[in-house]
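Okay, so the sequence shown: first residue is 30 according to this note's numbering, each after it adds one.
Think of the hints as simulated: they come from the structure by calculation, not from any bench.
Label-pair ranges, simulated between beta-carbon atoms: (1) LYS126 - ARG370: 45 to 55 Å; (2) ARG313 - ARG179: 53 to 63 Å; (3) LEU152 - PRO291: 27 to 37 Å; (4) LEU74 - HIS336: 32 to 42 Å; (5) ARG178 - PRO242: 41 to 51 Å; (6) ARG179 - TYR266: 47 to 57 Å; (7) TYR235 - ARG178: 26 to 36 Å; (8) GLU64 - ARG370: 41 to 51 Å; (9) ASN366 - TYR111: 25 to 35 Å; (10) HIS360 - ALA70: 17 to 27 Å; (11) TYR111 - SER308: 38 to 48 Å; (12) ASN246 - ALA70: 21 to 31 Å; (13) GLU335 - TYR111: 40 to 50 Å.
Here are the simulated DSS-like pairs of lysine-lysine, each with C-alpha atoms no more than 30 Å apart in a straight line: (14) LYS241 - LYS361; (15) LYS328 - LYS345; (16) LYS142 - LYS126; (17) LYS126 - LYS241.
Here the structure is a predicted model, which means the values were calculated and not measured. Just so it is clear, CB atoms sit at the ideal spot from N, CA and C, and this is done for glycine as well.
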Amino acid sequence: MRRYIGSRQQGTKKRQVYMPLEFDEGMDGQVDWGEAQAIIAGVELTVQLFVMRLCYSRKLFVRAFPTQRQEAFFEGHIHAFYHFQGIPHRLSYDNLKVAVQFILRKGGRQEQKAFVAFRSHHLFESHYCTPGQGHEKGRVEDGVGFSRRRFMVPVPRVDSFEELNDHLLRACVADDQRRVDRQPMSVGEAWRREKPYLLPLPDHEYKYYVAKPVVLNGYSQVEFETNRYSVPTDQAYRNLVLRAYPFRVDIAHMNNVIASHPRCYGQEQDVLDPLHYLSLLEQRPGAFEHAKPIRRWRKEWPPAYEHLLRRLQADKNGQGVREFVRVLELHKEHPPNLVARAIEQALEYGCAHADGVRLCLHQLLEPEMRRPEMSWTEPPPWASVGEQAPDLACYDRLLERV
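Turn these sequences into a full structure, and let the hints steer you where they fit.
Below, the structure written as structure tokens:
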């Protein structure tokens, strides 16, 4: 009986059908989020994929983020616009909280103020799908699944989000060669036809960070989302502003950035830059052995650093740590690999002190001066510089007397 009823219902059930759509060049794009797995620095993570697709050409852009927050949402747009070399006139979305504050009674949308400012800067219009009707932006829905299957399988193994996004960008560029079913052109060919109709990029980039006033604590740190970020101890201003980007945080005073760190998405973590504490350590060298920033940094030092520290502690009558801190301060202005080479040379030449390391670093930075080529048969071209040529006419007057 069940089979009979099921067969009868199957025969009378109507298939859901959709309207075939066609888009004008440069007019429409669609945006969505998806998830995928990636192994980053040896840890398997669920990453958030920002996907934007141009409706006419089907050109695709994908970028991975740790989160779907507002700053990631805006950064994804900006990178997509630069990838497309223009901006579609209208973008379609689900009812994302970063864009929509609430849905009005008659189907309108009250947008978030930050998103209105972002749209106004880039001059595109927004369109929102009916709740639960994801097929209304089917191009990008297909793009999310397509990018997950084609770009994230097998699971990519990378060292950082930057490396993962380089991989995704190369995959998007390679996808331009694909020819879509029932289309006369490849994706790249259609995009080249579409590009002149896109809106131009703005003259200056939108500042898409999230800003938060922060107060410095007694350890020269500011707190953001339970994590603590260091600030240089010689710039320990009381009131600061933290600017949160998807992958970094900047700490500013009077619009001047005084510290920058990779953004931490863990909990209760100390994100410390050891260079921020060197001026304090020079005043209080007794704290060197137990200073948390130095202990972390010390695990990564080349062996030459430890050799130099031991030499200075043995020779400087209690001032060795201060002298070593002056060497470490060279990292504020020079690349770590050059400082390490300068320390190795100073130890080799027997000048194991801050001035010796600084001299070796200067020699590494300044290329050896070329010696001028000299001829032993011809006078150098500058031999007569500043000399007046003799007047030989006076000898003619001597002949006249004879």
